[in-house]
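> Chain by chain, the residues:
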Amino acid sequence: DAGVIQSPRHEVTEMGQEVTLRCKPISGHNSLFWYRQTMMRGLELLIYFNNNVPIDDSGMPEDRFSAKMPNASFSTLKIQPSEPRDSAVYFCASSLRTGGPNQPQHFGDGTRLSIL
Amino acid sequence: AQSVTQLDSQVPVFEEAPVELRCNYSSSVSVYLFWYVQYPNQGLQLLLKYLSGSTLVKGINGFEAEFNKSQTSFHLRKPSVHISDTAEYFCAVSEVDFGNEKLTFGTGTRLTIIP
Chain A
1 DAGVIQSPRH
11 EVTEMGQEVT
21 LRCKPISGHN
31 SLFWYRQTMM
41 RGLELLIYFN
51 NNVPIDDSGM
61 PEDRFSAKMP
71 NASFSTLKIQ
81 PSEPRDSAVY
91 FCASSLRTGG
101 PNQPQHFGDG
111 TRLSIL
Chain B
117 AQSVTQLDSQ
127 VPVFEEAPVE
137 LRCNYSSSVS
147 VYLFWYVQYP
157 NQGLQLLLKY
167 LSGSTLVKGI
177 NGFEAEFNKS
187 QTSFHLRKPS
197 VHISDTAEYF
207 CAVSEVDFGN
217 EKLTFGTGTR
227 LTIIP
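Chain order of the listed sequences is A and B. Note that our numbering gives residue 44 to position 44 of the first sequence, counting from 1, and the numbers run on in steps of one. Note that our numbering gives residue 141 to position 25 of the second sequence, counting from 1, and the numbers run on in steps of one.
Check the hints yourself; a few may be wrong.
[What the hints assert, rightly or not] Label pairs and their computed distance ranges (CB to CB): (1) A:114 / B:123: 27 to 37 Å; (2) A:96 / B:172: 20 to 30 Å; (3) B:134 / A:42: 21 to 31 Å; (4) A:53 / B:145: 16 to 26 Å.
Please keep in mind that the hints were generated in silico from the structure rather than gathered at the bench. All values reported here derive from a predicted model rather than from experimental measurement. Yeah, the Cβ is synthetic: ideal placement off N, Cα and C, and Gly gets one too.
Chain B extracted, bound-state conformation:
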């Protein structure tokens, strides 16, 4: 079974400053990794995904993440945040098993942008 740890439950950041949201995972097999964003009163939207290949993955809204297999991490970064980035961010993992589509989510990180 896999698990995901998002150590930071809340991250306040000043507008136009950089941000990193941390995600670590645990699994006995190879994994796919995802970051989702949830705006208030909405469902989750996919920001980016890592399936294979380049370990640096670029997503929507200027976000990127880097897969580090040795550190079992998939941290999310943005060089300059905007007020509109205020939301909750979820890291998720699924096993590389084409018969298993289950996603395991972290507990989320609430990103608050300070004007």
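Bound-form chain A, shown alone:
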């Protein structure tokens, strides 16, 4: 079975440019999570969706960050304009919410973002 697929794996861009990260969740999963991982702050939840609807975006750092989930098989995280402090590894994860105990989240391999 295909896991969570993220693209690109690496992105290097200059400050001020728009960055778009993409995620395809596991087929059949109905929850999707975006995380950011840095040495200083560890793993932080940015936003999560259930059935394509944003449920909690309290972790989104500021208005420069936006996330969308137009359908069950695709999500984007956009940064505009990008800044050097946005450099991090961004992970997407998905899970199946069943109405019972929380099911494990399955992670993609991440996008390593460097803003110069």
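Keeping the supplied structure of chain A fixed, place chain B upon it in accordance with the hints.
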């Protein structure tokens, strides 16, 4: 709100020796607990989870963890480690609230196996 503390940022262990990675949590409500492993340049993989029932949970790759409610701990153990266990290990907690799927992660413990 819940929090997770992994006191050991790095743990070096000789190959074939036992290891324990410590995790303590704080929450005002009941919780689910998870251990994830991250190999270099990869995402996180689930090692094991505690949802309810037996407090001793067995996971993949020979790892196990014990939930101790009185000590609010969920330490990860392996009786004999291998070189391939070199990775970063994250403890995570979520509230027992079927409407809330948020996971709170600890800062991670880097396990280094010494040949």
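> Taking the hints in turn, state whether each one holds.
Here is what the structure says about each hint:
no.: 1; hint: A:114 / B:123: 27 to 37 Å; in the structure: holds (31 Å)
no.: 2; hint: A:96 / B:172: 20 to 30 Å; in the structure: holds (26 Å)
no.: 3; hint: B:134 / A:42: 21 to 31 Å; in the structure: holds (26 Å)
no.: 4; hint: A:53 / B:145: 16 to 26 Å; in the structure: holds (24 Å)
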